[in-house]
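**Q** Make the full structure from the sequences, and use the hints.
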Amino acid sequence: MRRDTAVRLERVTKAFGGRRILDDVSFEIARGTAFCLLGRSGTGKSVTLKHIVGLIKPDRGSVYVEGEDITALESRELARIRRRMGFLFQNAALFDSISVGENVAFPLRRHTALPDGEIRKRALEKLDQVGLADDYKKMPAALSGGMRKRAGLARAMALDPPILLVDEPSAGLDPITTGEIDELLLTLKKRAGTTLVVVTHNIPSARRVGDELAVIEGGILIAKGTAADLDRSSEPTVHDFMQSSGAG
Amino acid sequence: MVELIGKQVAAILGWTGAVFVFGVRALREAVRPPFELRELTRQVFEVGWRSLPLIVAAGLAIGVVLSMHTRASLERFGAEALIPGGLALALVRETGPLVTGLLLAGRVGAGIGAELGAMRVTEQIDALEATAVDSFKYLVVTRILACMIALPILTTVMNFTGIIGGFLAETVITGMSFRLYFHRAFSLVEMTDYVPATLKTMVFGFIIGTVASYLGYTTEQGTEGVGRASTRSVVLASILIIVCNVVLVKMTFFVFPEAAG
Amino acid sequence: MYSSRLIGVGAFVLGGAILFAVGLFMIGERRMLFADKFEVYTEFARLGGLENGSTVRVGGLDAGEVLEINVPAGPASRFRVKLRIREDLHPIIRTDSVATIQTDGLVGNKVVQVGAGTERAPRAPNGSTIPSKEPFELADLIRQMSETVSLANKAIVQLQADIETVFGQVDTTVEEANQLIRDVGTGVTAITAHASRVAADSRAIVEGLRAGKGTIGKLLTDDQLYRDVASIAKQAEEAVTNAKQASEEARKALAGLRDRSGPVQGVAADLRQTLSQTREVVADMAENTEALKHNFFFKGFFNRRGYFDLDEIGTAAYRRGALAGKDRSALRIWVDAAVLFAKEPNGLQVVSAGGKARLDSAMAAFLPYPPASPLIIEGYATEGSHDQQFLDSRERAALVREYVIQKFHLNPNRVGIMPLGAVADGSPKGRAWDGVALALFVKRDALRSPNRQPAAAPANAR
Numbered sequence: 001m002r003r004d005t006a007v008r009l010e011r012v013t014k015a016f017g018g019r020r021i022l023d024d025v026s027f028e029i030a031r032g033t034a035f036c037l038l039g040r041s042g043t044g045k046s047v048t049l050k051h052i053v054g055l056i057k058p059d060r061g062s063v064y065v066e067g068e069d070i071t072a073l074e075s076r077e078l079a080r081i082r083r084r085m086g087f088l089f090q091n092a093a094l095f096d097s098i099s100v101g102e103n104v105a106f107p108l109r110r111h112t113a114l115p116d117g118e119i120r121k122r123a124l125e126k127l128d129q130v131g132l133a134d135d136y137k138k139m140p141a142a143l144s145g146g147m148r149k150r151a152g153l154a155r156a157m158a159l160d161p162p163i164l165l166v167d168e169p170s171a172g173l174d175p176i177t178t179g180e181i182d183e184l185l186l187t188l189k190k191r192a193g194t195t196l197v198v199v200t201h202n203i204p205s206a207r208r209v210g211d212e213l214a215v216i217e218g219g220i221l222i223a224k225g226t227a228a229d230l231d232r233s234s235e236p237t238v239h240d241f242m243q244s245s246g247a248g
Numbered sequence: 001m002v003e004l005i006g007k008q009v010a011a012i013l014g015w016t017g018a019v020f021v022f023g024v025r026a027l028r029e030a031v032r033p034p035f036e037l038r039e040l041t042r043q044v045f046e047v048g049w050r051s052l053p054l055i056v057a058a059g060l061a062i063g064v065v066l067s068m069h070t071r072a073s074l075e076r077f078g079a080e081a082l083i084p085g086g087l088a089l090a091l092v093r094e095t096g097p098l099v100t101g102l103l104l105a106g107r108v109g110a111g112i113g114a115e116l117g118a119m120r121v122t123e124q125i126d127a128l129e130a131t132a133v134d135s136f137k138y139l140v141v142t143r144i145l146a147c148m149i150a151l152p153i154l155t156t157v158m159n160f161t162g163i164i165g166g167f168l169a170e171t172v173i174t175g176m177s178f179r180l181y182f183h184r185a186f187s188l189v190e191m192t193d194y195v196p197a198t199l200k201t202m203v204f205g206f207i208i209g210t211v212a213s214y215l216g217y218t219t220e221q222g223t224e225g226v227g228r229a230s231t232r233s234v235v236l237a238s239i240l241i242i243v244c245n246v247v248l249v250k251m252t253f254f255v256f257p258e259a260a261g
Numbered sequence: 001m002y003s004s005r006l007i008g009v010g011a012f013v014l015g016g017a018i019l020f021a022v023g024l025f026m027i028g029e030r031r032m033l034f035a036d037k038f039e040v041y042t043e044f045a046r047l048g049g050l051e052n053g054s055t056v057r058v059g060g061l062d063a064g065e066v067l068e069i070n071v072p073a074g075p076a077s078r079f080r081v082k083l084r085i086r087e088d089l090h091p092i093i094r095t096d097s098v099a100t101i102q103t104d105g106l107v108g109n110k111v112v113q114v115g116a117g118t119e120r121a122p123r124a125p126n127g128s129t130i131p132s133k134e135p136f137e138l139a140d141l142i143r144q145m146s147e148t149v150s151l152a153n154k155a156i157v158q159l160q161a162d163i164e165t166v167f168g169q170v171d172t173t174v175e176e177a178n179q180l181i182r183d184v185g186t187g188v189t190a191i192t193a194h195a196s197r198v199a200a201d202s203r204a205i206v207e208g209l210r211a212g213k214g215t216i217g218k219l220l221t222d223d224q225l226y227r228d229v230a231s232i233a234k235q236a237e238e239a240v241t242n243a244k245q246a247s248e249e250a251r252k253a254l255a256g257l258r259d260r261s262g263p264v265q266g267v268a269a270d271l272r273q274t275l276s277q278t279r280e281v282v283a284d285m286a287e288n289t290e291a292l293k294h295n296f297f298f299k300g301f302f303n304r305r306g307y308f309d310l311d312e313i314g315t316a317a318y319r320r321g322a323l324a325g326k327d328r329s330a331l332r333i334w335v336d337a338a339v340l341f342a343k344e345p346n347g348l349q350v351v352s353a354g355g356k357a358r359l360d361s362a363m364a365a366f367l368p369y370p371p372a373s374p375l376i377i378e379g380y381a382t383e384g385s386h387d388q389q390f391l392d393s394r395e396r397a398a399l400v401r402e403y404v405i406q407k408f409h410l411n412p413n414r415v416g417i418m419p420l421g422a423v424a425d426g427s428p429k430g431r432a433w434d435g436v437a438l439a440l441f442v443k444r445d446a447l448r449s450p451n452r453q454p455a456a457a458p459a460n461a462r
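Chains as they are written, first to last, in my numbering: chain A, 1 to 248; chain B, 1 to 261; chain C, 1 to 462.
Any given hint might turn out to be false.
[To be verified] Below 20 Å or equal to it, Euclidean Cα-Cα: the simulated SDA-like pairs (lysine to any residue) are:
no.: 1; chain 1: C; residue 1: K110; chain 2: B; residue 2: G85
no.: 2; chain 1: C; residue 1: K110; chain 2: B; residue 2: E190
no.: 3; chain 1: B; residue 1: K137; chain 2: A; residue 2: S62
no.: 4; chain 1: A; residue 1: K57; chain 2: B; residue 2: E258
no.: 5; chain 1: C; residue 1: K110; chain 2: B; residue 2: A81
no.: 6; chain 1: B; residue 1: K137; chain 2: A; residue 2: R80
no.: 7; chain 1: B; residue 1: K137; chain 2: A; residue 2: F95
no.: 8; chain 1: B; residue 1: K137; chain 2: A; residue 2: E74
no.: 9; chain 1: C; residue 1: K82; chain 2: B; residue 2: G85
no.: 10; chain 1: B; residue 1: K137; chain 2: A; residue 2: E118
no.: 11; chain 1: B; residue 1: K137; chain 2: A; residue 2: E77
no.: 12; chain 1: B; residue 1: K137; chain 2: A; residue 2: A79
no.: 13; chain 1: B; residue 1: K137; chain 2: A; residue 2: I98
no.: 14; chain 1: B; residue 1: K137; chain 2: A; residue 2: G218
no.: 15; chain 1: C; residue 1: K110; chain 2: B; residue 2: A79
no.: 16; chain 1: A; residue 1: K57; chain 2: B; residue 2: S135
no.: 17; chain 1: B; residue 1: K137; chain 2: A; residue 2: H111
no.: 18; chain 1: C; residue 1: K110; chain 2: B; residue 2: S135
no.: 19; chain 1: C; residue 1: K110; chain 2: B; residue 2: E258
Hints are computed from structural coordinates only; laboratory data are not their basis.
**A** Next up, the structure:
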């Protein structure tokens, strides 16, 4: 295992109710790089992401985060690892009993001893980065789907985690905002050396952000490499996928 | 047919066992740090403070009605002087705790079931976990504890508003002073009527919190499941409270034989 | 800076705790948990449902509770009850304060009532034992009553048989005495009539008891009833004693009659007196059993019936109208001494034939009134000194009384004599009278309808 490996999946297999979602998936993500998981809906991309953060335990295989096998950790240790990761859920999963700003401030309140003013300042900063500086006091229900997604991203970034897991950052966003989000992710990677794991089916976006791309089909990792590598792939599914505009 | 009944019984037993384990786990987690005081405060506010209007209104109404009933039956024996005492005894011993329990099972049970169900379905619970928060401790333990804290207090409020309701009904007829009424109200109530009956509502609180949290926390099948969790929380918590009350009353009599008098 | 939510929760929890504490305090205050207390013991053979925590009252004031009840070691000893009482009531709890177990009103809680002691006795020290009175059990009392009454009943029945026997002997005696007095027969009849009333009354008492048990059982167990029943039981016992005594006296009197050396050999007046005594004894018994019968269910039987003990009314009180009272009026018939009396050859004063006729017609005027109305024979005499007048008037009244009782079978207890000397206000002769006056004291309401006689009551219609 390389010392600079941030995340490594080793022969991960997972089935739900007899249906195999992940089948012997293995990959490795280097520190400070962006890894894009591509694939059609329901092929196991989100499940892979949840394995990395420990929300789902594999039936077989291991998940290493910063060198530790998180499948073997007890909850307190797991929490320590999780604090080093940010997670944007597919549908944002904002806590709808508290305001947008408090959603972003939530991880800070939980895991830092900062004074209230400082926490608010930082939360506002993160919201500003995703273009929601004016919506601190709004309740999540008052936001549109795209705005919720961006607020979710702000929350995921709140603790400036070394690893950021992003599930469909651009779903439901207009092309301009999508571009802005991509820029934001690239900046994070460049400035803070954040490791990015991005699940998407927006190919242009993946091309822009991803250092390495992987395609999952039917729970099996069928291709992995740079965008250029995949463009050259002889596998018809991969080829078709890379040529699509990404909405499907 | 036998097989079907067997399956049903097994399902009920399995469910009960799961809820019990869930509740015991919550109690065990409750004594381990970190204590989610902030969230606990929020839940006490939601469960307790926000239920006050309901409890006060119900208490007054029950007090008035109980007073009218006891008057009707005691008047026959010329024992009107016993009305405050009889009313307070009925309230403190059984009516107060049980009605409070059932009202809270309705208001809070449904709320918790729906809230946790929605949080499960919209991945908010996963989001909590991903934020390195123990969602069980944060969501379940705090709610169960809040119910256990709020119920004895709300029961006490119910008892007193009930007595006030009884006083209102009484003073309209006889013009009795509040001081005298209040004194008479406590003329028949013993410590063994008052303390165990009030504290047993902590068990009601535990039941409400546990059942609703369990159903909400383990919700599946999307939005439809949320509605089901909410409804079943109310029904199952209410039934469990009524059944448990029988056992608790029996236990009270066993521990304090003089309470049976 | 606290959020409003925090303040709400604070108010909720604190307010709830305070409210709960108020409840605790209200109960605690009643149970005197927060006052200074002292403890005394008392002992009861029966607890009648008393339990730990039962209220203790001192002079009716809630003053504490029963702390513990120690079971006796053997049948001979009693339950030892520890009482906890408010210290501020200590001054009135003396070593002679008596503890009783009582029932508290309708709900029937048992309470220990501790009476105030007397000034003579010292304060009951903490931990001392004060005397007690056993709880009153109605059922026991009723059983006791039944026994007493059936005992009385037996005695009376026995007595009646005795009397019958003795009366038989009277007849013999009288015959042997060569019928010295004509009216002995009448006297015997009167005595027999009374004796059978005694028997009937006794039966009625027992039946009344049997029927009355249920009624008594339903009544609440208040103090008044306890006292009533207790006094009734005592009266019953007294009645039996009286009856026995009466029986003894009757026997003696009749034995005296038969004795050859007794009064039979003497003057007729003595025989008359003896007979009269016997009759009164039996009538007393009848009265007593009658009272007993009624007293089970009514208190103040005597008062309500307007019964006066004539023996206790003196001349002066009589003149003031003690017997008339508020609700009675006297009907008077004046009879002159000249018409009434005759002197026998041996110097004995008797009621003459004309006098008897006069008295009969006077009594005829009285008979329509209720038989319970007291009849007083007032005696008057104008000759001789003041003392002589008094003695004469007394003898005259006594003679007339003897005659009317015999003749009309009157209850001797309702017929009295009143020697009044010469002074007679409102007599036909002005301020003085020589002779007697028959005074019937009739209730005013009965006076208004003098025609009401028992015979006038409608017969049982079928």
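**Q** None of the hints should be skipped; say for each whether it holds.
**A** Going through the hints against the structure:
A distance of roughly 17 Å separates the Cα atoms of K110 of chain C and G85 of chain B; the hinted pair therefore holds under the 20 Å criterion. A distance of roughly 15 Å separates the Cα atoms of K110 of chain C and E190 of chain B; the hinted pair therefore holds under the 20 Å criterion. Taken as a hint, the K137 of chain B and S62 of chain A pair is broken in the structure, with Cα atoms around 27 Å apart against an allowance of 20 Å. With a C-alpha separation of about 55 Å, the suggested pair K57 of chain A and E258 of chain B falls outside the 20 Å cut-off, and the hint is violated.
For the hint linking K110 of chain C to A81 of chain B, the alpha-carbon distance of about 18 Å falls within 20 Å, and the restraint holds. Among the hinted pairs, K137 of chain B with R80 of chain A is consistent with the structure: their alpha-carbon atoms are about 16 Å apart, no more than 20 Å. Pair hint K137 of chain B plus F95 of chain A holds up; C-alpha atoms about 16 Å apart against a cutoff of 20 Å. Of the supplied pair hints, the one linking K137 of chain B and E74 of chain A holds, its CA atoms being roughly 15 Å apart against a limit of 20 Å.
Among the hinted pairs, K82 of chain C with G85 of chain B is inconsistent with the structure: their alpha-carbon atoms are about 27 Å apart, more than 20 Å. Taken as a hint, the K137 of chain B and E118 of chain A pair is broken in the structure, with Cα atoms around 27 Å apart against an allowance of 20 Å. Restraint check: the Cα-Cα separation between K137 of chain B and E77 of chain A comes to about 16 Å, which is no more than 20 Å; the hinted pair holds. Simply put, K137 of chain B and A79 of chain A have alpha-carbon atoms about 13 Å apart, close enough for the 20 Å limit, and the pair holds.
Restraint check for K137 of chain B and I98 of chain A: the C-alpha separation of about 18 Å stays at or below 20 Å, so the hint holds. Between K137 of chain B and G218 of chain A the alpha-carbon distance is near 36 Å, which puts this suggested pair outside the 20 Å criterion. The hinted pair formed by K110 of chain C and A79 of chain B meets the criterion: a straight-line CA distance of about 17 Å does not exceed 20 Å. For the proposed pair K57 of chain A and S135 of chain B, the alpha carbon gap of about 17 Å is at most 20 Å, so the pair holds.
Our distance criterion of 20 Å between C-alpha atoms is met by K137 of chain B and H111 of chain A, whose separation comes to about 16 Å. For the given pair, K110 of chain C sits about 57 Å from S135 of chain B by alpha-carbon distance, which is inconsistent with the 20 Å threshold. A threshold of 20 Å between alpha carbons decides the hint, and for K110 of chain C with E258 of chain B the separation of about 14 Å falls inside it, so the pair holds.
Consistency note: the structure conflicts with the earlier hints numbered 3, 4, 9, 10, 14, 18.
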